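*Asks:* Residue numbers (this note's numbering), protein chains in the order written: chain A, 429 to 1058; chain B, 790 to 1297; chain C, 14 to 196; chain D, 2 to 101.
Hints were generated in silico from the structure; no laboratory data involved. Fair warning: this is a prediction, and the values are worked out from it, not measured in the lab. Built from N, CA and C at the ideal position, the CB exists for glycine as well. Take every hint as true, because none was put in to throw you off.
Subject to a maximum C-alpha distance of 25 Å in a straight line, what follows is the list of computed PhoX-like cross-link-like pairs (lysine-lysine):
{"no.": "1", "chain 1": "A", "residue 1": "Lys588", "chain 2": "B", "residue 2": "Lys1158"}
{"no.": "2", "chain 1": "B", "residue 1": "Lys1229", "chain 2": "A", "residue 2": "Lys588"}
{"no.": "3", "chain 1": "A", "residue 1": "Lys1000", "chain 2": "A", "residue 2": "Lys989"}
{"no.": "4", "chain 1": "A", "residue 1": "Lys798", "chain 2": "A", "residue 2": "Lys963"}
Pulled from the structure, derived: some chain B residues nowhere near chain A, Cβ distances all over 10 Å:
{"no.": "5", "residue": "Glu814"}
{"no.": "6", "residue": "Arg892"}
{"no.": "7", "residue": "Leu921"}
{"no.": "8", "residue": "Ala1001"}
{"no.": "9", "residue": "Thr1232"}
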Amino acid sequence: METLIYTALFAPLVGSLFAAMFGMSPKTLLTGVVTSLLLFVSFVASVLLLQHVMAVGPVHATLMDWIVAGDMRIPFGFSVDEVTAVMMVVVTLVSTVVHIYSNGYMEHDKGFNRFFSYLSAFVFSMLVLVMSDNFLGLFIGWEGVGVCSWLLIGFWYHRKDESRDVNPSISPAWAANEAFIMNRIADLGMLIGIFLIYWNVGSLQYDQVFASVGQMSHGLLVAIGIFLFIGAMGKSAQFPLHTWLADAMEGPTPVSALIHAATMVTAGVYLVIRAHPLYSAIPEVGYFIAVVGTFVAIFAASMALVNRDLKRIIAYSTLSQLGYMFAAAGLGAYWVALFHLAAHAFFKALLFLGAGNVMHAMHDELDIFKMGGLKKVMGWTYAYMGIASLALAGIWPLAGFYSKDTILEVAFNEHTYGIWFVLWLTAGLTAFYSFRLVFLTFWSDERYKEYGFHPHEVQKYVLWAMAPLAILAVIFGWWKEEFMAFVTRLLPAYEMNEHTHHMLGVLIVVTLAIAIGGIVVAYLMYHKRLRRNPKIEASLPYRILSNQYYIPVFYDKAFAKPYAELSDIAWKEIDMQVVDATVDGIAKIVEESGDESRKMQNGNLSDYLKWMAAGALILAVLALVAALKS
Amino acid sequence: MENILSVLIFFPLVAALLGFVVRKESIRVYGLTVAAIEFLLTLWLWFAFDPNNAGFQFIEYIPLVSDFGINYYLGVDGISLFLVVMTGLITLIGIIGLGDVKRLKNMILSLLVLETAMVGVFVSLDAIVFYLFWEFSLVPMLYIIGYWGGERRLYAAIKFFLYTFTGSLIMLVGMLYVAYIYQSVAGVWSFSITDWYALVLPISVQKWLFWAFFIGFAIKVPMFPFHTWLPYAHGQAPTIGSVILAAVLLKMGTYGFVRFSLPMFPDASVAYILPVAVLAIIMIIYTAMVAYAQEDMKQVIAYSSISHMGVIILGTFAMNAEGITGSIFLMLSHGIVSGALFLLVGVIYDRRHTKLMSEFGGLAAVMPKYAVIFGIMLMASVGLPLTIGFVGEYLSLAGFFRISPIMTLLGGTSIILGAIYMLSLYKKSFFGPVTKEENKKLTDLNGRELAALVPLVAIVIWLGVYPKPVLVPIDNSVKALVTFMEEKAQTPEAKAIIHVSTSTKEAK
Amino acid sequence: METFAFYLFSILIIGLFAVTVLSRNVLYAMTSLAAGMVLISGLFFLLGADFLGVVQLIVYVGAVMALYAFAMMFFDATSVIKEKNSSATTVFLLGGLSAVLLVVIFAAPSIGGNLQPLYPSPDGASNPQAVGLVLFTKYLVPFEVAAVMLLVAMIAGIILAGKKMEHRITSSEEENSGEKEMK
Amino acid sequence: MIGLSHYLILSAILFSIGLVGVIRRKNLLMLFFATEIMLNAANVAFAAISSYYHDLSGQMFAFFIIAVAASEVAVGLGLLIVLYKKYGTLDLDNYTMLEG
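Using the sequences and the hints given, assemble the complete structure.
*Replies:* Shown next, in the form of structure tokens:
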């Protein structure tokens, strides 16, 4: 089994290194093919591992020691259990699709080889993240995906900085740095959590840590839980560290699909699921997580309502769905969170790849107000995005329905009706903005003609590559029971109480109703043509929403600018004027006193004698003082 | 090869003296050969070193002034071994990467003399011999900055010299006082560090001596607020000078803490954890901010050096094996990474004769290889896992966490602030469109530069993925050191704070 | 009687030396200095240091003053010396302060009276006898060294004053001739 | 009765007079005179202490001081003559070769 683990893990790395060798040469199709094939190998190995875990049980492998110091002994250890196996399959499946897709999407890009190198490196890091059997190994992957994300967001590094009005993300390089730094803030929290674990458990291996949860004090567990969650908040872009995710859309669209929808951003959810013995012991932190998740769900959905940027809308919806996952995990329904994670990965990747097709057709235009009526020229893409949007909206019988509905049931079951209500409302908003996007893009009047675009469908193999995702987006939910049975071998099972069982039918109907309601509103508003109301667009709520609650501006003004100014002060005022000036001042005092006393040395012997007499006098005084003292 | 350490010390010196008769045309090859042989010798030292022996090895002992207990006393343990190896490596890399400078012969000979001094510092076990090499190392560096430096080279060189010299004089007074106490206790003079270790000093005396040594080391490190000589020295020094200054000379200060302060004054070291840690944290945060404000690439890296040295100090004063091992590893990794970064800045300076970030932009498109290597070093500098920078930083912070979680949190901002200034440097210089006409014609790294940088990249990744061969010898010696400190400590508070690894306890 | 003599001598010495220091005329200064020296030898006799008093008379008043007198023949000694005396206050302040201090310091140990004689003068020997005993036993080597030093000084004085004179004569002739030509 | 203190005080006063001379006069010859005064002041103190403590060391010192003073005068006057011949003056204000 070790061979399978290593195959699954290292195939993407090999692909990445292979592509890196050609990184500086112009496009060679070979790199795309080879990395895609290796990814497929990794996918197959993951599926085999999943089967093995299903049939036999978790497997474990230790490669070698990594850090050995004091009592710290951290190996490169990998364990594949139920959760990991599911994550691996999801990651490798989506990655394989995205790799094949990218062969078409990046066809004309100068950095073709470089792109595949980064992309495969990302998959490797993500696999390290999910497969590691200890917290520090997870941290390797955690930082690794951060760097790959930095590289990929900043892939078109040569674009110049724009003002926020022209481009809300300023520039790819800027967005990349923002993402990296935001994640670093969270990583510090995670590191602190790791230190806490180390000094209280003496080990970072999952099994040992979780085995000793019972012996740790409650306060300590809360501290660890909170610090680990801070790490998760950064990676999963939870409020207030959420701004980077929307800006990360500066990266090529396959990247958005893979990293910023399906895999990396779910790492935070994965961490909470992975640390479920810890979080089960501290339900109050869990409740806090659920509240944060719920808040982010509606907060992000509200921003998606008015946005005009195709990719940003999907990014906000990702944020919103991550909120759902955290709500589920926080409420103790870990397997539901994982289920939604997997389902979301499929339909959100599909949605992004569809958006990529549209962008391709529209020559990188992202404004949905400039599109419309595209279903005529892009039938396949329309179908894919339609399916994905339906799944996202949670319409029966697609995947999203099963997963999202279960989360709502959980919220109801926990008697946290506030959370349930907000999530329920968000479901309606989700349906509305998803179909606003679909109708504005594919239905209504053909506005793109005014702007001189000539849209066309993408290559056939690209469309075929997207098919598995579309199929899974439809059918994945049907396996809910099997999925639950499988992962609850590791995760705690979640039982609905009697009351909820009674209400189940009502809940489903209510949820479906608001989802369909959202779609109907979108249909009425946008299916014919783009209706714009300048009055509403000028109104304050609209402006707040379309400017992301002014949070990026606020961060700029409250943190970035003052930090830059403070740095400038620290350098020019403090370092130069105070610290260095003190040092130079001391030197100057010595120098000037030397210069002054040099005047004694005027060559006049008579004056010398006077000084000598004065010196003798001082010595005499000293002698007297000494004599008097003794 | 019983006297390998003497060979290591004096081979470069003798070679430098012989070098005066070497012809100008062949001096580069000569310097390379000497540095390569020296590096191979250090490697041999590493392989002959017994990693399971925590004590000093390859000991040499020749009485010099026996009346005053001054001896030519050398030895290495796990703590100093890799600093010696790194000295050999960095000197070699530096000479490989040496561009065309005026008076090349003098430069290479100075470097070889400097190597003698640096190796001498790390292997001396006699305080006077240590001090001699410590001060001797200033002279070639003074010459290198003062002769090959930038416009204000004399100011920078003299500032560097006087500042560090002042500090080490105070340290010398401390050394003499320790020897004096030793004489009054034992009846004979001795400057042997191992003899001093055995000396149990009263706590009040320890406290004074701690500060005397502290000033000497802190200026060298350089710790806030004694750091202002460093930006000038780096700003004015030629590339090779900065490389060696950052990679090796600064490590002499932190090495001094581990070699002298901790084992000799365990109680005082524990008692002063708070002020030292506060200085270290100020150093980390404040210099990171100053680094962010810089306009000159080299100054960013110079200030980032100071910031990273703060983490090393935190690790050193963690008083447990994790932290101290981490800090020593971080010394190595910072040496390699900052050395490489200075070399990289030197590359661009050679081409454009400016280091201002505003002069660049979009370099990634023009010089892809350069951008890749710079990117790798940048990631190592910000402490990315699986690069060399992470291991030491992680261990140092983890170790200090046991002392104070809050201060570790503050010190840990290093990973955020480091990312901020390094990424903004990278963005300003490498990303964006190519705006300046003269940047469009820049040539990528040539063979010589690649030969200097690629080995460093390999080491950065190798020791990031598999640091064990280096960590184990360090760890063994550090565990012994910590156990020794715990036994020697007098106050119960100190005994409580110094944390002996459980594995060591079990071994007993 | 002794008291009277001490005060007389003291006042005269102080007065004469003050003249030496303050006078503008070198001749007056030298004369008063010589007179003061003589009176100091008187003090020595008062203290019972007969030998020292005699030496003082011979060496100082005889030899040293004669040397000064000869030396003055080389200088334009008769004329009044013109000196720019910068701020007399500092001078007298320094002098006065040191006087006060010295008095205090010198007075301190004798009041304490805790000094012990290192070489007590032998009983029953007259002062010159005693001096001779000590000088040729304990202080023999310094004595011989002093003798050599005097010899060296004598030779040095002769050479300095004499040898350069020839040089001086030639050079001054040249200068003089030069000056004449100029005229 | 005349005590040791009297002599010592006299010595101190003489020394100060000498000191005033040293720092006031600009003529080198006068400086020599002043130096002699100071040396004599010291001699007085030595002789007095010697006498009051019945210890000949003081007289010995005074004796050697006289010897040194004699040599000093011999050499010093020689030097003065050289100086005078070279510069034609003995005024200290004219000698500023030592200016730093």
